[in-house]
Amino acid sequence: MVRRQRGMGYYAVWTAVILLIILHQDNWLWENSSLVFGFLPTSLLYHMGISLSATVVWYLATRYAWPLPDEPRSAPMVTPVPRTGDRP
Amino acid sequence: MIQLIIIGGYLALLVGLGVVASRMFRGTSEDYLLASHSIGPFLLLMSLFGTTMTAFALVGSTGEAYREGVGVYGMLASSSGIIHSLCFFLIGVKLWTLGRRYNYTTQIQFFRHRLDNDAIGLVLFPVLVGLIIPYLLIGVISAGTVINEITAGEFEHLFGGNGGVPKWLASLVVSGVVLAYVFVGGMRGTAWANAFQTTVFMVLGVVTFYVIAMKLGGSPSLYENLCRASEAVAADKLTRAHISKSMFLTYMLIPLSVGMFPHIFQHWLTAKSADSFKAPIILHPLFIMLLWAPCVLIGVWATTELAGLDTTKVAANQVLAVLVRSKAGSVLGGFLTAGILAAIMSSLDSQFLCLGTIFTNDIALHYSKRPFTDRQRTLIARLFIIAIVAVTYAFSLAEPRRVFQMGIWCFSGFSALFPLAIAALYWRRLTAAGAFASILSAALSWGYLFWRSGFGLTPNYSVDIPTGAGFRQILAHYMGSASSASATGVLEYPTYPTMPVATIVLASTAAMILVSLLTRPPKEEVLARFFEIRGDSGTACKQWEIP
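Line by line, the protein sequences are chains A and B.
Residue numbers for the first sequence follow the numbering used here, beginning at 827 and rising by one.
Residue numbers for the second sequence follow the numbering used here, beginning at 88 and rising by one.
If you're looking for bench data, these hints aren't it; they were derived computationally from the structure.
No experiment lies behind these values; they were computed from the predicted model shown.
Hints may contain errors.
[Said to hold, decoys possible] Residues from chain B shown here face chain A by an in silico Cβ test under 10 Å; the list is partial:
id : residue
1  : I89
2  : L91
3  : L104
4  : S166
5  : S167
6  : S172
7  : L177
8  : T184
9  : C314
10 : D323
11 : L325
12 : T326
13 : M339
14 : A361
15 : I368
16 : L384
Even glycine gets a Cβ: it sits at the ideal position worked out from N, Cα and C.
With the hints as constraints, model all of the structure from the sequences given.
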């Protein structure tokens, strides 16, 4: 396993993940019963925004913080763990 | 009657899909259990999503929003979007790599190999099976409830009761259909069925949302109907007035369960390449939003006068089915029911298959004194799947709990094992004794709290942690300077209510770290299978590729 160089992108992605987790606890919207666009509860819209942001952050994670080397990604099987029924 | 025909046709289609998949069966147990690692990004995305979204997502989310309001989305949907993908990223990709390298089929094989300890399998097996059975029950019970509600009044002369297909019969048929396509199609059939069913329930979920919104509002304009339905919702259902902030915070630990679901582990191993994980990692939060947001809105709309439901009579589990029956026509109602069943069955199939796999590999074959042929291995897996379906069905006939509450307890147990999964992959110092301590602490704390909750019958059971002021009151009470006891003699003080999962995860993590540090470190040759050698990445590379 080759150790990969960790660039700014790597740290930025994990900072964004932590930020998302913090922003998820939206205490400031707890008692807000207003509707946005006339039908979407504010806190529901906020958390839908968290879901969309998660999609973006995870896209960035696959680009800048992918845990495996670029090639080859399909690792060949080298040493099978002793299979059941094949015990010595 | 037309609804029943549509549902029957859908179920027959699934069995057909299993039969087609079985034509591609290569005759090996690896193909039956892991589809020969041939699953690409699209199928992996759909099968992982379909497997994680169960009755809990459709029936449970609607029902819980009906009871608690829109806060349910933040409690589980947006948090799952972050945490599920985190598990796929941190655990899934790495386990896939190790699984391909060392030919794992189950989690237990990985833990035995990583901890260099055979007995860990004997401890993990009953824990995993014991936790997955309630998860299966959620699906089987929900399927029975949905079909019963949808067909209510259609067969009064035949079945009595509410005139619908009895729950026991509906659950039996659905279990039988899932069993049939898993039995013949194995993992390939399951992955295909999952992809198909995920498409079905996502499309029909949108259709359900549209139809119910149009019926509730009564105007030709969708936007106007959405506004009318939401404006009719009581203010407390639009806020999180019923949810404590500390409970909400600790709910974040529930989705960690995905990191230890054995059926998800098995799906990870089916991937063709590590790149196949990218689509699920990126799109999972988006898909969750597309499914949950409409369900949560439908749930809170159901509390309004526009829905016309008797909130004292309609149970949370029944809300979606009752709305579909009353607001959609027979034909659409049949298709929508098929969509709900799709969500339920797309989880049941993977869970049945994974239990068969665990038993076959980790118990039957592992402790057998003689070698087995591939055909025999597949047969053992199939026989165990039949046994599990029978046991689950028998349990489902008992008094059902609320789907949502049952799911929370089941997920809490898996979340408690998450620290072990992470430590096994990223912490060199983890020892077998630490792993045993973690599992034991998780089992004991889970069992104790489950008992305290009346075996899941107390809704929203919490572990109450005293606040700063609470601690001072307790101290003052016991030091005799002031009494905080109520008239009944019970000590009362301000608390932060937390989800039981927080206590359970804390207990399992603390035990794992403490015992690992107190016991002898793992052997270097074992660690070399899983970690780089410190300070020499060149050597590490060699160690990794040619152990």
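Evaluated hints:
1. I89: violated, 32 Å
2. L91: Since the shortest Cβ distance to chain A is 34 Å, the answer is violated.
3. L104: With a minimum Cβ separation of about 27 Å from chain A (threshold 10 Å), the hint on L104(B) is violated.
4. S166: holds, 6 Å
5. S167: holds, 9 Å
6. S172: At about 5 Å, which falls below the 10 Å cut-off, the nearest Cβ of chain A leaves the hint on S172(B) intact, so it holds.
7. L177: holds, 8 Å
8. T184: Constraint on T184(B) satisfied, holds at 5 Å.
9. C314: holds, 4 Å
10. D323: With a minimum Cβ separation of about 8 Å from chain A (threshold 10 Å), the hint on D323(B) holds.
11. L325: This interface hint holds because 4 Å falls under the 10 Å limit.
12. T326: holds, 5 Å
13. M339: holds, 7 Å
14. A361: holds, 4 Å
15. I368: Holds - the Cβ of I368(B) comes within 10 Å of chain A, reaching about 5 Å at its closest.
16. L384: holds, 7 Å
Hint compliance for this structure: hints 1, 2, 3 are not met, and every other hint is.
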